[in-house]
Amino acid sequence: MSHPIARRAFLNASLAGAAAAVVPRLSWAQASGKIRIGTILDLSGPLQPFGTQKKRCLDLAIDELNAKGGLLGQQLELISYDSQSNNQLFAQFATQLALKDKVSVVHAGLQSSSREVIRPIFRRANMLYFYNTPYEGGVCDRNTFNTGTTPGQLLANLLPHMIKNHGKNIYVLAADYNFGQLSEKWTRKLASDLGAKVIASEFFPLDVAQFGPTINKIQAAKPDFIVNTFVGPAHASFYGQWTAAGMKKQIPIASQTFGEAGEVVRMPPEVSDGIVVCYNYLDEIDSPANAAFLQRFQAKFGNDYGYIGDLAVAEYQGIMLWAEAVKKAGKLNREDVIKAMGSGLAISGPSGRVVVDPITHHCVFDMYLAVAGTDKRFKILQKFDQVKPTNPNNVCNLVKNPNTNQQFEPTKL
Amino acid sequence: MSRGRDAATLMAVGLIGLAVAFSLPHLVEVFVLVELTAYIVFAMLALSLALVWGYAGILCFGQSIFFGIGGYAYTLGVMNIGESTLPVALGIALPMLFAAVLGYFLFYGRVSDIYLGVITLCVSLIAYNLINSLSGTEYKIGSVPIGGHNGIPGVPVVNMPGDSSRTFGFEEVFTLSLILLVAVYIGLRALLASQFGKVVVAIRENELRAELLGYDARAYKLVVFVIGAAIAGLAGVLFVNWGSFIGPTVFSIFFSAQIIIWIMVGGLGTLAGAIAGAVFIQWLSTWLGTNKIIDPNIVLGVIFIVLVLLVPKGLQPMLVERFKRRRRSETRSDTRSETNSRLGVP
Amino acid sequence: MDFATVVFIQVMYAVATLALISVGLAIIFGMMRVINFAHGEFLMLGGYAVVLPVQAGVNLWVAMLIIAPITVGLFGVIIERLIIRPLYGRIVETVLATWGLSLLMIGLASAWIGFYQAGAAPPFGSVQIGSYREGLYTFFVIGVTALILAGVYGFLRHTRFGLIALGTMQNPAMAAALGVNVSRVYAVTFGLGAALSGLAGAILAPISGVLPVIGITYIAKAFITVISGGATVLAGTIAASALFGTVSQLVTYLSTVIIGEVALLAVAIVLLRLLPEGITGRFSRGGL
Chain A
1 MSHPIARRAF LNASLAGAAA AVVPRLSWAQ ASGKIRIGTI LDLSGPLQPF
51 GTQKKRCLDL AIDELNAKGG LLGQQLELIS YDSQSNNQLF AQFATQLALK
101 DKVSVVHAGL QSSSREVIRP IFRRANMLYF YNTPYEGGVC DRNTFNTGTT
151 PGQLLANLLP HMIKNHGKNI YVLAADYNFG QLSEKWTRKL ASDLGAKVIA
201 SEFFPLDVAQ FGPTINKIQA AKPDFIVNTF VGPAHASFYG QWTAAGMKKQ
251 IPIASQTFGE AGEVVRMPPE VSDGIVVCYN YLDEIDSPAN AAFLQRFQAK
301 FGNDYGYIGD LAVAEYQGIM LWAEAVKKAG KLNREDVIKA MGSGLAISGP
351 SGRVVVDPIT HHCVFDMYLA VAGTDKRFKI LQKFDQVKPT NPNNVCNLVK
401 NPNTNQQFEP TKL
Chain B
1 MSRGRDAATL MAVGLIGLAV AFSLPHLVEV FVLVELTAYI VFAMLALSLA
51 LVWGYAGILC FGQSIFFGIG GYAYTLGVMN IGESTLPVAL GIALPMLFAA
101 VLGYFLFYGR VSDIYLGVIT LCVSLIAYNL INSLSGTEYK IGSVPIGGHN
151 GIPGVPVVNM PGDSSRTFGF EEVFTLSLIL LVAVYIGLRA LLASQFGKVV
201 VAIRENELRA ELLGYDARAY KLVVFVIGAA IAGLAGVLFV NWGSFIGPTV
251 FSIFFSAQII IWIMVGGLGT LAGAIAGAVF IQWLSTWLGT NKIIDPNIVL
301 GVIFIVLVLL VPKGLQPMLV ERFKRRRRSE TRSDTRSETN SRLGVP
Chain C
1 MDFATVVFIQ VMYAVATLAL ISVGLAIIFG MMRVINFAHG EFLMLGGYAV
51 VLPVQAGVNL WVAMLIIAPI TVGLFGVIIE RLIIRPLYGR IVETVLATWG
101 LSLLMIGLAS AWIGFYQAGA APPFGSVQIG SYREGLYTFF VIGVTALILA
151 GVYGFLRHTR FGLIALGTMQ NPAMAAALGV NVSRVYAVTF GLGAALSGLA
201 GAILAPISGV LPVIGITYIA KAFITVISGG ATVLAGTIAA SALFGTVSQL
251 VTYLSTVIIG EVALLAVAIV LLRLLPEGIT GRFSRGGL
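Chains as they are written, first to last, in this note's numbering: chain A, 1 to 413; chain B, 1 to 346; chain C, 1 to 288.
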């Protein structure tokens, strides 16, 4: 029995060695002569509808810049990773971008949880990072630029409308992770500033699709309106169940997220009409800049693209802001680009004028209050001009305190 | 003589492992080391199930429970304490403790086969559901929020015992992980070659007969289960050190499925096969995921079906068979080994 | 009082849903000793067999009650021939092969259809119960589940094929000796189980939506229900559904939906420890 065992042991050992040797990319292509932009987005798995449109907006922005000769005389190239709706993969791919690909800038992340995974990695690696997604606000980190909306822009304009028209008792339904949790806290704070009250809150992990007991609990609590922060396709089942229970005409819904994955064009109007939202960008914005943007988007991706929405357009605007800063700095280097970003930089995007706020590294832009109609489109009710990001009492001041690295929460103010 | 040959082989494996562990960081780029570290971690996790399922025949659908507990124990420990020695020990001890309780419940209740699979699956789903829904900031252990779905980012890497300012870099984490993998591999080989290991295999083959011979099958299974949990916990600790991140997906049904796939691919009842299976499948799914040719689930699913239907023993034993057969046809002398393999003796 | 009524209805609904998603798996496991780990994906397929035809303009009821069960039933027959038949009697290998099938189906659905939720409103409208409103579809699910369970009982007890199938399951060798085509019986039984799974997925699609990964939310619960039910197909499944559905839904009302799920799993663990062969484990295999 000795021989086979010994031979097998040897073979075992060499198998393990051979397996280690076939690990891919032992050497990789170096400097291609192009400027490399890194991205990590959820292009598969439950968050795919978000990631797909965000990736398209990145591709469109980079194509447009390349068509105009690129930046600093060089063409741009996107290094893209699919995080498969798994935060674990964000950690892996962020390390890969920082150690291996050595890109000039990263525009990445969808869920706030994924942002908090990669943000420290890029900060440590001195790699400039853009988070182009509407979120719960408060991130204060000189290495990070947040080009999406914050509660001070979204909730602060959505809640007064709902309170004025429907009443002061609010029921919050939110995704069970930092985005939902902190949004709920902001809702509480902003509501109490407006003399209203959150009477109950419920949080749902992203795979929950059964809302029967929740609907009964809402019926028992009798709120004047609901504010939801649903994320992902499982949560979307709520709208159908709410309608089936005959609640749609009884209690109105305001949403922080409805439409971000194109729900407004996919859901039947009898489920969606009447839901109120407030975004920086909507496909329905009636301006020459947006008409031209929609035309270019259609030309590249066809008529069957669904709905673009605020979440995706933030990527387009994020790239354009960074490109503007590179042009202004005349260099790619992180320090110079950050300085250029902080010099009152502004672009004119599909949503209108977008100005970088050097104090918080967030953006000042227009906000639109809208309601889903019976024609599978949003109807814009009101426009708020050049709204500033959340920053009560100027707790975040990156000009004065450039070393700050934290996320401010309403309870800590 | 057999023992001598075996010991020599293991020593060779150990020496080669040490040489690679210390020399490779000087030879390749950091990022290669980071990638290799991931494979090492998965290989170690595969070893734990190779022992529990492959040798002891315990069909555990939730081996990732111990991996996850190890990872979370280390994370919460190191973030509270600031020094990594005790947290590493916790990352191994807590999974063992949990396995001891769960194993006592299972084996002394005579739960077996598919029922044991269902219970371990239930336990991992409970862990996933609970951890995944603790994202509120009120859920803390010590000063550290559990994080729920967010997971816990920015976990400190291990340090030199006693000196929390001397934290390991990517290179040292690689060296440490490889040394530990080699040590676990050699340790398991020694364990399986011992009297204890032989009884474990005998129980797998025929539990009743082993009990009639006077061995308490329940106790043997429990000990193997606890050792498996220790290895999985250690893998969990290394996993956190590799990515500085842990989230509830380590408890998910997909993650548990992956471990079983590794063992299937490598073959039941082999250790090196499990390592090869883990490395190959992880490499394949990363490669498919990065290159976007085809959805990784499609490929994994097909591999899974084909393996069960066509190569039920797994790839490693099949390759070894092939190799042996060729050797035999070349020499036509090794009759004893032929008889043995016909009788299914390893 | 209204609240008690509403809770009672929701508990009945939870029990019915569990029985509905489990019955196809129970027939296949209870009668053939085969665990179909791709069961969740059979439900998913049933869901898409409603959603996609309806989007193409087919009548909802035609899609739900005819297209979905037939599609998934035929699919089941093919799978039985290709994957299950070579593995009869090897329970672990079957679990692993069907697990592979599950991954494959998830991958194909993700690649072809993606994660877009159409979000239809279930038909029928709603009814007022005191200060609460309940969708009438909830009652439809409860009623249809009762009909399906009664139908399966009648089919197995009172039709020629049903009796042959029961006999074959109890003693295949004897059945074969008496001239029964055993492999045909297995194929039809697996097809029947698959068709019921397709129907279940179809009935739940309007309320839960359909996603490529939706099977995962079903499989664990169905699997646990069937195993806890034990060897007696219908009685076991109904008993386990009643126990788990009641516990999880009541706990959900008292806390959250996640704690409700955890309660279900914990009860299952304790149950299997006390009754290692399930609630009806002592009864003979192949019974009802």
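Keep in mind the hints are simulated off the structure, nothing from the lab. These figures come from a predicted structure and were not determined experimentally. We treat Cβ as the ideally placed atom computed from N, Cα and C, and that holds for glycine. Treat the hints with care, as some may be off.
To give an idea of the interface, some chain C residues facing chain B are shown, with a C-beta separation under 8 Å as derived from the structure [said to hold, decoys possible]:
{"no.": "1", "residue": "35"}
{"no.": "2", "residue": "91"}
{"no.": "3", "residue": "93"}
{"no.": "4", "residue": "99"}
{"no.": "5", "residue": "113"}
{"no.": "6", "residue": "114"}
{"no.": "7", "residue": "250"}
{"no.": "8", "residue": "254"}
{"no.": "9", "residue": "255"}
{"no.": "10", "residue": "258"}
{"no.": "11", "residue": "261"}
To spell it out: a stretch of chain B is covered by chain C in this simulated footprint if at least three of its residues, at any positions, have a beta carbon under 8 Å from a beta carbon of chain C; those stretches are [said to hold, decoys possible]:
{"no.": "12", "stretch": "85 to 91"}
{"no.": "13", "stretch": "237 to 249"}
{"no.": "14", "stretch": "278 to 286"}
Hints the structure fails to honour:
5, 6, 7, 8, 9, 12, 13, 14
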